[in-house]
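Student: At position 58 of the sequence shown (counting the first as 1) the number is 45 in the numbering used here, and the numbers step up by one without a gap.
Hints may contain errors.
[Claimed, not checked] Quick list of in silico lysine to aspartate or glutamate cross-link-like pairs, EDC-like style, CA-CA up to 16 Å:
(1) Lys216 to Asp69
(2) Lys36 to Glu67
(3) Lys10 to Glu76
(4) Lys66 to Asp115
(5) Lys241 to Asp319
(6) Lys181 to Glu229
(7) Lys315 to Glu235
(8) Lys398 to Asp286
(9) Lys190 to Asp153
(10) Lys16 to Asp54
(11) Lys264 to Asp332
(12) Lys212 to Asp69
(13) Lys353 to Glu257
(14) Lys198 to Asp153
(15) Lys198 to Glu257
(16) Lys367 to Asp297
(17) Lys296 to Asp410
(18) Lys315 to Asp286
[Said to hold, decoys possible] Computed spacing ranges between beta-carbons, pair by pair:
(19) His(-8) to Pro38: 47 to 57 Å
(20) Lys243 to Thr266: 15 to 25 Å
(21) Lys181 to Gln284: 54 to 64 Å
(22) Lys398 to His(-8): 20 to 30 Å
(23) Val283 to Glu229: 51 to 61 Å
Derived from the structure by calculation, the hints contain no laboratory data.
Built from N, CA and C at the ideal position, the CB exists for glycine as well.
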Amino acid sequence: MYRRHLSHDGASFPPVFNPLGTKLICDGKEVPLSPDAEEIALSWARYRKRPMSDAVRQRATRNFWADFQKLLRSKITAKEADCDFEAIEKSRVVKKSRVKKSRVKKSRVKKSSPKLKPKLKLNFANVDGELIPVGNTNVGVPGVFMGRGVHNKYTGKVRRRVYPEDVTLNLSKDAPIPESPVEGHSWGGIIADKGAMWLARWKDPVTHILKYVYLAPNAEPAWQKTMEKFEVVRKLQPAFGEVVKRNERNLHAKNKRMRQLSTCAALIFELAIRVGKRTSTHVFGAATLLVRHIKVQIDGKMDLNFIGKDSVPYSRVGWVPHATRISKNLRDLLKGKQANDRVFDAISPHSVNEYVSSLNPALTCKVIRTFRANQEFERKLAVAPRDDPRTVHKNALLHVAEFCNHRSGPKLSVNTSLANYLDPRLTFRFAR
């Protein structure tokens, strides 16, 4: 990422929690809480009010209660349902109000609370003498993990506070080490890796997945990479029709594996479904679909229902494939199989990527998805009346979000389409 010099101010941390000594009532008895337990109890009191399915609520409660009991100063036999978390939230609101009114109380809290130093100037990094914008520097707040979907095994687990000693910084050897923003704490490590794209990293306390601070997406290196992606998509446009024709010829292949590869690719071409990951057992893509995910109607139309990336449900009802051979191949693949059998049992996501690259060297399953998103966006902009361009543009964005299944909860997420999939030049051209 840098050739000579890299310096920055690290990561930012949430404000220090001020405990007020609020107690939790379980089975009519007061349970004293440590500062960490008080903070998490308050988070759970708010989290449990969220609308969620019974399955998600049961998993979240089970995960939370197992973790929360480890934060208590003494063991209790009560269950989560026996504890009044709603009262703890109300009690804290009352106590907080009293603290604000009482100068003595305010002074005592100020003295006893560890200090969080003012937020450092984290907006820019010095890369080889040039100031480059930095992306999100926040390490996240402690609380209850709000996992997505019933299949997220971490839903409801306690996310502990991340401290500077959990964070490793990437700095050049001549760079000054930034001061820790949390008093009494030091950075966990300093390395000098010229090839790394990250500035800071730490492990998520719940998932144990590494989290990173990067340069901002609109920083020059990232922007160049984004435009290169859209250039690939733009240059692919004249050749895509021939790619589809070659794939359709392979739908008739005598070789079982080739028929599966071409049929799976057809799903990705037409519906822009992600290819999926072989290692995932709870989320699915085109190459990892199970028999129960596809239903063939009497009139030949097809319904697809499965859980996709980030546990977001995918639903397509009444889909009519462009080529009738796709329907026939899918029906043949479903015959004689059980509900939890794989539809494409002779191929893998990796082999599908290799196959589409054989049709055109510029192609990957991810490129196809980006290409189709831009194709649909451009098509919607072209066919709509231009008397209300803002509405036309908005509707085109919503169409792409629905087509690519970009969702945040039940709502369509237009921002995902804009940030990651749509070439901004299409919007500029439309605006002119």
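Student: Each hint should be assessed against the structure and marked as holding or not.
Tutor: Here is what the structure says about each hint:
{"no.": "1", "hint": "Lys216 to Asp69", "verdict": "violated (55 Å)"}
{"no.": "2", "hint": "Lys36 to Glu67", "verdict": "holds (14 Å)"}
{"no.": "3", "hint": "Lys10 to Glu76", "verdict": "holds (10 Å)"}
{"no.": "4", "hint": "Lys66 to Asp115", "verdict": "violated (57 Å)"}
{"no.": "5", "hint": "Lys241 to Asp319", "verdict": "holds (13 Å)"}
{"no.": "6", "hint": "Lys181 to Glu229", "verdict": "violated (42 Å)"}
{"no.": "7", "hint": "Lys315 to Glu235", "verdict": "holds (13 Å)"}
{"no.": "8", "hint": "Lys398 to Asp286", "verdict": "violated (31 Å)"}
{"no.": "9", "hint": "Lys190 to Asp153", "verdict": "holds (7 Å)"}
{"no.": "10", "hint": "Lys16 to Asp54", "verdict": "violated (20 Å)"}
{"no.": "11", "hint": "Lys264 to Asp332", "verdict": "holds (14 Å)"}
{"no.": "12", "hint": "Lys212 to Asp69", "verdict": "violated (54 Å)"}
{"no.": "13", "hint": "Lys353 to Glu257", "verdict": "holds (13 Å)"}
{"no.": "14", "hint": "Lys198 to Asp153", "verdict": "holds (11 Å)"}
{"no.": "15", "hint": "Lys198 to Glu257", "verdict": "violated (34 Å)"}
{"no.": "16", "hint": "Lys367 to Asp297", "verdict": "violated (27 Å)"}
{"no.": "17", "hint": "Lys296 to Asp410", "verdict": "violated (22 Å)"}
{"no.": "18", "hint": "Lys315 to Asp286", "verdict": "holds (12 Å)"}
{"no.": "19", "hint": "His(-8) to Pro38: 47 to 57 Å", "verdict": "holds (50 Å)"}
{"no.": "20", "hint": "Lys243 to Thr266: 15 to 25 Å", "verdict": "holds (24 Å)"}
{"no.": "21", "hint": "Lys181 to Gln284: 54 to 64 Å", "verdict": "holds (57 Å)"}
{"no.": "22", "hint": "Lys398 to His(-8): 20 to 30 Å", "verdict": "violated (43 Å)"}
{"no.": "23", "hint": "Val283 to Glu229: 51 to 61 Å", "verdict": "violated (29 Å)"}
In this structure, the hints that do not hold are numbers 1, 4, 6, 8, 10, 12, 15, 16, 17, 22 and 23, in rising order.
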